[in-house]
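As given, the protein sequences belong to chains E and A, one line each in that order. Residue numbers 1 to 143, in my numbering, belong to the letters of the first sequence in order. Residue numbers 1 to 160, in my numbering, belong to the letters of the second sequence in order.
By construction, these hints were calculated from the structure, which means they are not laboratory data. One or more of the hints may lead you astray.
[Claimed, not checked] Pairs of lysine-lysine residues, derived as DSS-like cross-links and limited to a Cα-Cα distance of at most 27 Å, are as follows:
#1 E:Lys82 - A:Lys3
#2 E:Lys82 - E:Lys41
#3 A:Lys3 - E:Lys102
#4 E:Lys102 - A:Lys65
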Amino acid sequence: MADDHSARHSMSAADAKAAEYFFRSLTCNQLVAYNSYGVDKVFKALADPSRRKLLDQLHAENGQTLSELCEHLDMTRQAVTKHLVLLEAANVVTTVWRGREKLHYFNPVPLHEIYDRWIKKYERRRLRALSDLKKGLEASKGK
Amino acid sequence: MDKPKTVYISYIETTPEKLWDALTEGEFTRKYWGGRRIQSDWRVGSPVKHIREDGGIDWQGEVLKSERPRLLSYTFHIHISDRHRDEQPSRVTFEIEPMGAVVKLTLSHDGFVSAGATFETTHHGWPAILSSLKSLLETGNPLPFTGLGFGPSGEARGQA
Chain E
1 MADDHSARHS MSAADAKAAE YFFRSLTCNQ LVAYNSYGVD KVFKALADPS RRKLLDQLHA
61 ENGQTLSELC EHLDMTRQAV TKHLVLLEAA NVVTTVWRGR EKLHYFNPVP LHEIYDRWIK
121 KYERRRLRAL SDLKKGLEAS KGK
Chain A
1 MDKPKTVYIS YIETTPEKLW DALTEGEFTR KYWGGRRIQS DWRVGSPVKH IREDGGIDWQ
61 GEVLKSERPR LLSYTFHIHI SDRHRDEQPS RVTFEIEPMG AVVKLTLSHD GFVSAGATFE
121 TTHHGWPAIL SSLKSLLETG NPLPFTGLGF GPSGEARGQA
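Starting from the given sequences, assemble the full structure and let the hints guide the process.
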């Protein structure tokens, strides 16, 4: 059991290191204040169909109470609560109290941060690669 | 209290004062908000304008609450098309709370009709703007991408 624990621990440390290298390579080795722990939470929060369904529910109608969310889902109240806790921890769901009612909102900001910092960079790299290829081909054609 | 239509939250590694300045000073907004300068004396009742580089106005409003560096609220009326202009001014509120090493920024936007022009324009716009603001405050660089203004002219600028 103890071995299992330490193995898992060293794995995640290695993963964190790999993620850091990967991220630095994407950001041209610039040191950016970026919380990879927060990103992990977002990916984990999204890695479950029930939680994605909950987000879809909020996207369709923002500001629902727990009871309203439960009405449309084939899940127990406890299961919905558990999923909401994870979604809140990842900041993709945020809550606002209105009197005694707790309203849940879909917060797309962390998803946008991932899009900007990861996906956009892939697009830019791909575009640069294509542009380099074009330049290379045109240069060799001219010779 | 009415139910807010949309709530956006970002945790930013900065101070409440810097974040306040980033929300209220034109020199700051120009960097992360598609070249637009925000303009107001930030007294309750004073006008707020969001001015494009070409001098046109994307949106304007009136200061409702101004408590540096914690709470800022203004009315918000988009002027980029007749559809937007025909809608009632909506309301934007920024709450700034220090949380250890970071600052929690909560943006609530309400007072607009569901599925109307204001909603269509802002529900993709706000996350992009907050994301760019976070990047500027944490790294000194805004995000090099397009479409950060609410107006159509935002699409053609800012590409790195």
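Here's how the hints hold up against the structure:
1. E:Lys82 - A:Lys3: holds, 24 Å
2. E:Lys82 - E:Lys41: holds, 14 Å
3. A:Lys3 - E:Lys102: The given pair, whose Cα atoms are some 11 Å apart, holds under the 27 Å limit.
4. E:Lys102 - A:Lys65: holds, 25 Å
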